[in-house]
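A.B. asks: Can you make the complete structure from the sequences, with help from the hints?
Taken in sequence, the protein lines are chains D and F. Going by UniProt numbering, the first residue of the first sequence is number 1, and it counts up by one from there. Going by UniProt numbering, the first residue of the second sequence is number 1, and it counts up by one from there.
Hints were generated in silico from the structure; no laboratory data involved. Don't take every hint at face value.
As the list claims (entries may be wrong) - As a list, the in silico DMTMM-like pairs of lysine to aspartate or glutamate whose alpha-carbon atoms are at most 20 Å apart:
id, chain 1, residue 1, chain 2, residue 2
1, F, K350, F, E7
2, D, K146, F, E16
3, D, K127, F, E225
4, F, K455, F, E465
5, F, K247, F, E105
6, F, K101, F, E289
Stated by the list, open to error - Quick partial rundown of chain D residues pointing at chain F, CB under 10 Å, derived from the structure:
id, residue
7, V7
8, L47
9, P91
10, L95
As the list claims (entries may be wrong) - Residues of chain D placed beyond 12 Å of chain F at every Cβ, according to the derived structure:
id, residue
11, I154
12, L156
13, L157
14, P158
15, P160
16, W161
All residues carry an ideal CB built from backbone N, CA and C; glycine is no exception.
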Amino acid sequence: MRLPDRVTGLFLVGLGAAAAYGGWLLPPVPGQPVGPNVFPLVIGSGLALCGLAIAFGIGHSFEEEEEIIPIEGGEAKAPPGKLYGLRTLLPPALLLFYVAAADRLGFIITAALIVYGTATALGARWKLSLPLAVLAPIGIHLIFSKLLRVPLPIGLLPMPW
Amino acid sequence: MLNTLIEAFGLITTWEVIIAMMAASVYGLVIGSLPGLSATMATALLVPVTFYLSPIAAIATIVAASSMAIFSGDIPGALLRIPGTPASAAYADEAYAMTRKGEAELALGAGVWFSAVGGIAGTLSLMILAPPLAEIALSFSTFEYFWLALLGLMCATLVARSSPVKAIAGMFIGLLVSCVGIENPGGVPRFTFGFTDLFGGIEPIPALVGVFAVAQVMRAMLTPEPPPIPRRKFGSIMAGQWRLTKKYQWQMTRGNIIGIIIGVLPGAGADMAAWVSYAMSKRFSKEPEKFGTGHVEGLVEAGASNNASIASGWVPSLLFGIPGDTIAAIAIGVLYMKGLNPGPTLFTEKASSMYAIYLMFIIANIMMIPLGIVMIRLASYVLRAPRCSVMPVIMLCCAVGSFAIGNNMFGVVTVATFGVIGYVMEANGYPVAAMVLGIVMGTMVEQAFVTSLIKSDGSILPFFERPISAILASMAIGAMIWPVLVWLWRRLKRESPAPATPAR
Numbered sequence: 001m002r003l004p005d006r007v008t009g010l011f012l013v014g015l016g017a018a019a020a021y022g023g024w025l026l027p028p029v030p031g032q033p034v035g036p037n038v039f040p041l042v043i044g045s046g047l048a049l050c051g052l053a054i055a056f057g058i059g060h061s062f063e064e065e066e067e068i069i070p071i072e073g074g075e076a077k078a079p080p081g082k083l084y085g086l087r088t089l090l091p092p093a094l095l096l097f098y099v100a101a102a103d104r105l106g107f108i109i110t111a112a113l114i115v116y117g118t119a120t121a122l123g124a125r126w127k128l129s130l131p132l133a134v135l136a137p138i139g140i141h142l143i144f145s146k147l148l149r150v151p152l153p154i155g156l157l158p159m160p161w
Numbered sequence: 001m002l003n004t005l006i007e008a009f010g011l012i013t014t015w016e017v018i019i020a021m022m023a024a025s026v027y028g029l030v031i032g033s034l035p036g037l038s039a040t041m042a043t044a045l046l047v048p049v050t051f052y053l054s055p056i057a058a059i060a061t062i063v064a065a066s067s068m069a070i071f072s073g074d075i076p077g078a079l080l081r082i083p084g085t086p087a088s089a090a091y092a093d094e095a096y097a098m099t100r101k102g103e104a105e106l107a108l109g110a111g112v113w114f115s116a117v118g119g120i121a122g123t124l125s126l127m128i129l130a131p132p133l134a135e136i137a138l139s140f141s142t143f144e145y146f147w148l149a150l151l152g153l154m155c156a157t158l159v160a161r162s163s164p165v166k167a168i169a170g171m172f173i174g175l176l177v178s179c180v181g182i183e184n185p186g187g188v189p190r191f192t193f194g195f196t197d198l199f200g201g202i203e204p205i206p207a208l209v210g211v212f213a214v215a216q217v218m219r220a221m222l223t224p225e226p227p228p229i230p231r232r233k234f235g236s237i238m239a240g241q242w243r244l245t246k247k248y249q250w251q252m253t254r255g256n257i258i259g260i261i262i263g264v265l266p267g268a269g270a271d272m273a274a275w276v277s278y279a280m281s282k283r284f285s286k287e288p289e290k291f292g293t294g295h296v297e298g299l300v301e302a303g304a305s306n307n308a309s310i311a312s313g314w315v316p317s318l319l320f321g322i323p324g325d326t327i328a329a330i331a332i333g334v335l336y337m338k339g340l341n342p343g344p345t346l347f348t349e350k351a352s353s354m355y356a357i358y359l360m361f362i363i364a365n366i367m368m369i370p371l372g373i374v375m376i377r378l379a380s381y382v383l384r385a386p387r388c389s390v391m392p393v394i395m396l397c398c399a400v401g402s403f404a405i406g407n408n409m410f411g412v413v414t415v416a417t418f419g420v421i422g423y424v425m426e427a428n429g430y431p432v433a434a435m436v437l438g439i440v441m442g443t444m445v446e447q448a449f450v451t452s453l454i455k456s457d458g459s460i461l462p463f464f465e466r467p468i469s470a471i472l473a474s475m476a477i478g479a480m481i482w483p484v485l486v487w488l489w490r491r492l493k494r495e496s497p498a499p500a501t502p503a504r
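C.D. replies: Okay, here's the thing in structure tokens:
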């Protein structure tokens, strides 16, 4: 997901300009010199300036390369395929799945699917991911619903407590 | 004062507080020791739980979990050469070298002992520094508050280990996020795009959970799992620590002082304290050649320093509502939520609560010694927990915790969104801590800015007229433009015929 500085910088210029324009459109408060528009205008302009500076490489020389501590005894992995990077999007996708499905399926089933999906994606075998998918949602349900009284959706599988 | 102290004792000696503190300590020790799960993440995931606790118990959990997690990050650093939290990264190599020399007990013992000493020193600084500063702060107007908040934001960008321009951009993104909602000077919907969920603004806590926890799970999807720790039996953990304390008392004191100073500085947290102290230790050591070969001196100084910064980071948080670091940023959220609004008046109106916070810090750091020893002995078992079993539980906690904050699914959407934002920012060298500070402090900065502008009738001159305001303004503006000045200077130097040398 590493993008060239020029791309991220220009994105920030666009974002800053949009923020400033959005702020400029806001209605003023009658009889008051400053209203809700001033802050977005200032921030938007600042962001756009930063974006320009980044696009032109200002400040790049300050960046330190990330230190990677080699893991002793770790085995070398085969070079991943083109779509390998998309795996990173699985956690947010599963969270959105929770939003979409929790009310219908209920907490336990949705949570079990999330745990199973995450564990499997991280390389767990079914011998680990299956019991984890069963036990973790029950444990979390017990803590949040029973002890902390968070109203978790019941759905298809109500818990006895 | 004695009455207040007794009152504070009464506040913390309830079963709720004691149990909350014990549970949070164990939780902090476990999360901090698992590589990839930072102290900030431990604290952020704890916030939904604090909703259901009394104010003092809520603060107790934050204090205990953060202090313990910063220490326990040393454990995998020493045993696996993988720091549990970024604050332990500075001396993970050194501690691991000691383990390879057969001195694992000494390295881990130094970690727990000097962390506890540092934590207590930091607490003392909080007790000594905060009241006189509160008196000065009482004379501050919105102009000073504005510059102070801006200076806090700029400090966060200056100490970032990336491009300062990117850090400033990160800060602006955070401020922009804080603009969303109807809580603005005009009370009109701003950047809500017609979504009623956005009317209340974007809560800092789901945003924090997203950038620190979800982004971490996202990173784990692509990085190989660390190797399991070999089973081993430890000898006496505390043996030799008193000898080290006497031998390296100056290094320990220096570590404490640096930790306190860096902690008080808004935006610079335990990570920075550890790096600076370790470098300082090496620079002024009588035996610098031993560093890197398994020498305990740097561990003493940096271990004391990172824990000292945790407590002193609460000074600007409690006084001005400006977080010392990301953990303090979370703590501020909890303070507001529990009606202990940060500000100088907290010291006069809620003095017993203030003393209770001091006492909790001291107790947490004393508790760290026995609990830390137990944790070190159990490390072989805890650290064997495979990442593929820990991360799914973290994911579930993110979903349920963010739902619990507002009892609506929008919190979960926020967490997911900020997970992606945090991941993309980190991958491209934009420090997420600067954005987090922007989100946390945005409302305060805007309020101070707009109120000041209304007072001055739109003129910016009064921002520079009061003496303290002028000093703070020059510092903040200086911090803002220095990257451009350094860049210009370097360019001019490169164009001149003289041989160029790096400025840093």
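A.B. asks: Now tell me, hint by hint, if it's right for this structure.
C.D. replies: Checked hints:
Of the supplied pair hints, the one linking F/K350 and F/E7 holds, its CA atoms being roughly 11 Å apart against a limit of 20 Å. In summary, the hint linking D/K146 to F/E16 is supported, as the alpha carbons are separated by about 17 Å, within the 20 Å threshold. Between D/K127 and F/E225 the alpha-carbon distance is near 18 Å, which keeps this suggested pair within the 20 Å criterion. With a C-alpha separation of about 13 Å, the suggested pair F/K455 and F/E465 falls inside the 20 Å cut-off, and the hint holds.
Taken as a hint, the F/K247 and F/E105 pair is honoured in the structure, with Cα atoms around 18 Å apart against an allowance of 20 Å. Between the alpha carbons of F/K101 and F/E289 the distance comes to roughly 16 Å, so the proposed pair stays at or under 20 Å and holds. A hinted interface residue such as D/V7 counts as satisfied when its beta carbon comes closer than 10 Å to some beta carbon of chain F; here the least separation is about 9 Å, so the hint holds. With 10 Å as the threshold, the beta carbon of D/L47 comes within range of chain F, its nearest partner Cβ sitting at about 4 Å, so the hint holds.
Taking 10 Å as the C-beta cut-off, the interface hint given for D/P91 holds, the closest approach to chain F being about 4 Å. Evaluation of the D/L95 hint against chain F yields a held restraint, the C-beta minimum of about 4 Å falling below 10 Å. For D/I154, the shortest C-beta to C-beta distance to chain F comes to about 14 Å, beyond the 12 Å cut-off, and the non-interface label holds. A cut-off of 12 Å between C-beta atoms confirms that D/L156 is not in contact with chain F; the least separation is 18 Å.
For D/L157, the shortest C-beta to C-beta distance to chain F comes to about 15 Å, beyond the 12 Å cut-off, and the non-interface label holds. Non-interface status of D/P158 relative to chain F is upheld: no Cβ of that chain comes within 12 Å, the nearest being about 17 Å off. Interface exclusion of D/P160 from chain F stands, the closest Cβ pair being 19 Å apart, more than 12 Å. The claim that D/W161 lies off the interface holds: its Cβ sits roughly 16 Å from the closest Cβ of chain F, which is beyond the 12 Å cut-off.
When held up to the earlier numbered hints, the structure conflicts with none and fits them all.
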